[in-house]
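J.: Chain residues, written in single-letter form:
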Amino acid sequence: MADWTPLGDRAIRFARPDRSARALVRAVRAWPGVVDVVVARSEVAAYFDGAPRIAPEQLRALATAPDDPTPVRDHELRAVYNGPDLDDVAQATGRHPDDVRALHAAATYTVETMGFSPGFAYMVGLSPALELPRRTTPRTRVPAGSIAIAGLQTAVYPFDSPGGWHLIGSVVGVRMFGTDGPLLQLGDRVRFVP
Amino acid sequence: MSFVVARALGLVTVQDLGRPGWMHEAVPPGGALVRDRLIAANRAVANPDGAPAIEVLGELVIHAERALEVATDTAAARTLAAGDELIVASEPRRVAYLAIRGGIAAPLMFGGHSALLCAGLGGLIRAGQRFDSAALAPVAPPRASTASPSSPRAQRSADPPIRLPAPPPIQLVDGPDPESFTPEALSVLLSSEYRILPSSNRVGTRLDGPALPRTGAPEVSRPMVIGAIEVPRDGKPIVLGPEHPTTGGYPIVAVVASADLGRLFSIRPGGTVRFTR
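Protein chains in written order, with our numbering: chain V, 1 to 194; chain C, 1 to 277.
Where hints are given, some of them may not hold.
Cβ-Cβ distance ranges computed for the label pairs, FRET-style [said to hold, decoys possible]:
{"hint": "1", "chain 1": "V", "residue 1": "Arg-78", "chain 2": "C", "residue 2": "Gly-83", "range": "51 to 59 Å"}
{"hint": "2", "chain 1": "C", "residue 1": "Thr-182", "chain 2": "V", "residue 2": "Pro-138", "range": "25 to 33 Å"}
{"hint": "3", "chain 1": "V", "residue 1": "Gly-164", "chain 2": "C", "residue 2": "Glu-179", "range": "17 to 25 Å"}
{"hint": "4", "chain 1": "V", "residue 1": "Asp-74", "chain 2": "C", "residue 2": "Gly-111", "range": "21 to 29 Å"}
{"hint": "5", "chain 1": "C", "residue 1": "Ala-6", "chain 2": "V", "residue 2": "Arg-60", "range": "55 to 63 Å"}
{"hint": "6", "chain 1": "V", "residue 1": "Gly-33", "chain 2": "C", "residue 2": "Leu-108", "range": "20 to 28 Å"}
{"hint": "7", "chain 1": "C", "residue 1": "Glu-193", "chain 2": "V", "residue 2": "Pro-138", "range": "28 to 36 Å"}
{"hint": "8", "chain 1": "C", "residue 1": "Pro-48", "chain 2": "V", "residue 2": "Asp-87", "range": "53 to 61 Å"}
{"hint": "9", "chain 1": "V", "residue 1": "Val-80", "chain 2": "C", "residue 2": "Pro-107", "range": "27 to 35 Å"}
{"hint": "10", "chain 1": "C", "residue 1": "Ala-166", "chain 2": "V", "residue 2": "Gly-164", "range": "39 to 47 Å"}
{"hint": "11", "chain 1": "C", "residue 1": "Gly-111", "chain 2": "V", "residue 2": "Pro-71", "range": "19 to 27 Å"}
Where chain V lies over chain C, by a calculated footprint (3+ residues, C-beta under 8 Å) [as the list claims (entries may be wrong)]:
{"hint": "12", "segment": "19 to 30"}
{"hint": "13", "segment": "116 to 127"}
{"hint": "14", "segment": "169 to 180"}
{"hint": "15", "segment": "216 to 222"}
One-sided excerpt, in silico: chain V residues whose CB lies under 8 Å from chain C [as the list claims (entries may be wrong)]:
{"hint": "16", "residue": "Val-35"}
{"hint": "17", "residue": "Asp-36"}
{"hint": "18", "residue": "Val-37"}
{"hint": "19", "residue": "Val-38"}
{"hint": "20", "residue": "Val-39"}
{"hint": "21", "residue": "Ala-45"}
{"hint": "22", "residue": "Ser-117"}
{"hint": "23", "residue": "Pro-118"}
{"hint": "24", "residue": "Phe-120"}
{"hint": "25", "residue": "Phe-159"}
{"hint": "26", "residue": "Phe-177"}
{"hint": "27", "residue": "Asp-180"}
{"hint": "28", "residue": "Gly-181"}
{"hint": "29", "residue": "Pro-182"}
If you're looking for bench data, these hints aren't it; they were derived computationally from the structure. Virtual Cβ for every residue (Gly too), placed ideally from N, Cα, C.
Working from the sequences, and respecting the hints, build out all of it.
T.: Encoded structure:
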C-alpha cells in the first residue's frame with residue numbers, strides 16, 4: 001500500500017496524521033514545490049506547482065510536526081438563536097429551546113477543518129447533548145450567516161448555499177467572508193454571544 | 001474611462017490567474033477557466049501573462065470611449081477608436097478572453113483581481129459598467145487601414161471560420177477512490193462519448209452520457225482538485241473547475257491531466273468529449 005495516492009498529476013492525497021490542521025498546513029506548505037494544502041477530517045492533499053516531488057521521510061515527519069507557533073485568534077460572534085430548526089433540535093434532543101441556546105452559547109469552539117465553501121469553518125466543541133445526524137433532506141438554500149450544528153460540530157454558513165445541517169440561529173453584525181478573505185481560520189477559537 | 005459595457009450575456013467576469021495559496025481556508029484557486037487563452041490575449045497586447053482580462057462565456061459588447069488597444073485570445077491586437085464597438089462572443093467555443101493594453105483596472109480583493117463568484121468577490125459584468133486600463137499607456141490613434149471602408153463600426157472578434165477536426169481524447173489520470181466504483185465504471189468512461197451540459201459553470205462542467213456505476217462505499221468529505229471527475233449518486237460525472245469546493249463527498253473516478261484542462265474547458269455546451277488514460 002502506497003503512502004500516498006495521486007490526485008491528478010499535480011497533487012497527492014494521504015491519510016491525515018494525528019496532528020492539528022494548523023500544524024499540518026504549516027509543515028506541508030514548507031515542502032518544495034507545494035502551493036496549496038487542504039486538510040480534511042481524515043485526509044490531507046498537497047498541491048504542487050508541477051509534478052509532485054515527495055519523499056517518504058517528508059510524510060513520516062508529519063507525525064511529529066510541531067504546532068504552529070503563531071498565536072491562536074479568539075472571536076466572539078454575536079448570535080441570535082432563532083433558527084428554523086431550533087424547535088426541532090430541542091425536540092430531538094429532549095430539551096427546551098432555551099437549553100439548546102444555553103448549551104450552544106456556553107461552549108468555546110475550535111476551527112478544526114475548512115472546506116465546502118470559501119471560509120466555511122468546521123468547528124469542534126459542541127456539547128454531546130446536542131449531537132444529531134444531519135437533516136434527512138438538505139435545504140437547497142441556507143442563508144448566509146446561519147449558525148448550524150451537525151454531529152459534534154458547529155458552523156456558520158459564509159454564503160447562501162445548499163446545506164444539510166440544523167439551523168439554530170444566525171450571527172449578526174459580521175461578514176464571515178469579506179474582501180479581505182475569511183473571518184475564521186484554522187485553529188481559531190470561537191464563542192457565540194447571545 | 002476606456003470602455004463601457006453595452007451588453008453582457010452569460011457568465012462574463014474579470015479574470016486573472018487566480019489566488020493560489022488559500023485552499024486551506026476553503027478558498028479554491030479560481031482564475032481563468034482556460035488559462036492559456038487568457039495568457040494569449042494578454043500577450044497579444046504586451047501585458048504580463050496574469051494581467052486582469054475579461055472572460056466571456058456568452059457574449060460581450062463594449063463601446064470604446066477613447067482610443068484603446070485590445071486583443072482577444074483568437075484575434076491579433078487592434079486599436080479601437082473612441083465610439084467603436086467590439087463584440088466578443090465565445091461561440092463556437094465555450095469561452096473567449098478580451099484583454100486591453102495595461103490590463104483591466106479591477107479592485108484588489110483578497111490579494112487578487114479576479115472574480116470568485118463562490119466567494120462573493122467581484123461579480124458578473126453587466127451592461128452599463130465602465131472599465132479602465134490599469135496602466136493608462138497612451139495608445140496611438142488607429143491607422144486609417146484598421147477598419148476597412150466597407151465594414152460597419154462594429155467589429156466581430158473571433159474570426160477565422162472554424163472547421164475543427166475531431167480532437168484527440170482528453171487524457172486522464174486514474175482516480176484516488178477505486179473502492180467507490182464498480183470495475184466497469186472506468187471502462188464506461190473511457191469508451192463513451194459525453195456531452196457538455198449547458199448547466200456547466202466555473203464550479204463544474206457537467207457531462208451527460210452513460211452513468212458511471214458506484215459501489216456502496218460511504219461518501220466521505222475529502223480534498224478536491226481542479227479537473228477531478230466526481231460522480232454523484234446518479235452516476236453523471238462532473239469535472240471540477242476553478243471555483244470548485246476544496247472538499248467534497250462525491251468520489252473521484254479519474255482526474256483530467258493538467259495539460260488537457262484547457263482543452264476540455266474550451267468545449268462549448270452541446271459539444272462532445274472522449275477520454276483516454
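J.: Confirm or reject each hint.
T.: To see whether the hints hold, each was checked on the structure:
no. : hint                              : verdict
1   : V:Arg-78 - C:Gly-83: 51 to 59 Å   : holds (53 Å)
2   : C:Thr-182 - V:Pro-138: 25 to 33 Å : holds (26 Å)
3   : V:Gly-164 - C:Glu-179: 17 to 25 Å : holds (24 Å)
4   : V:Asp-74 - C:Gly-111: 21 to 29 Å  : holds (24 Å)
5   : C:Ala-6 - V:Arg-60: 55 to 63 Å    : holds (60 Å)
6   : V:Gly-33 - C:Leu-108: 20 to 28 Å  : holds (27 Å)
7   : C:Glu-193 - V:Pro-138: 28 to 36 Å : holds (32 Å)
8   : C:Pro-48 - V:Asp-87: 53 to 61 Å   : holds (56 Å)
9   : V:Val-80 - C:Pro-107: 27 to 35 Å  : holds (32 Å)
10  : C:Ala-166 - V:Gly-164: 39 to 47 Å : holds (42 Å)
11  : C:Gly-111 - V:Pro-71: 19 to 27 Å  : holds (22 Å)
12  : 19 to 30                          : holds (count 10)
13  : 116 to 127                        : holds (count 5)
14  : 169 to 180                        : holds (count 3)
15  : 216 to 222                        : holds (count 3)
16  : Val-35                            : holds (5 Å)
17  : Asp-36                            : holds (4 Å)
18  : Val-37                            : holds (5 Å)
19  : Val-38                            : holds (4 Å)
20  : Val-39                            : holds (6 Å)
21  : Ala-45                            : holds (3 Å)
22  : Ser-117                           : holds (6 Å)
23  : Pro-118                           : holds (4 Å)
24  : Phe-120                           : holds (5 Å)
25  : Phe-159                           : holds (6 Å)
26  : Phe-177                           : holds (6 Å)
27  : Asp-180                           : holds (6 Å)
28  : Gly-181                           : holds (4 Å)
29  : Pro-182                           : holds (5 Å)
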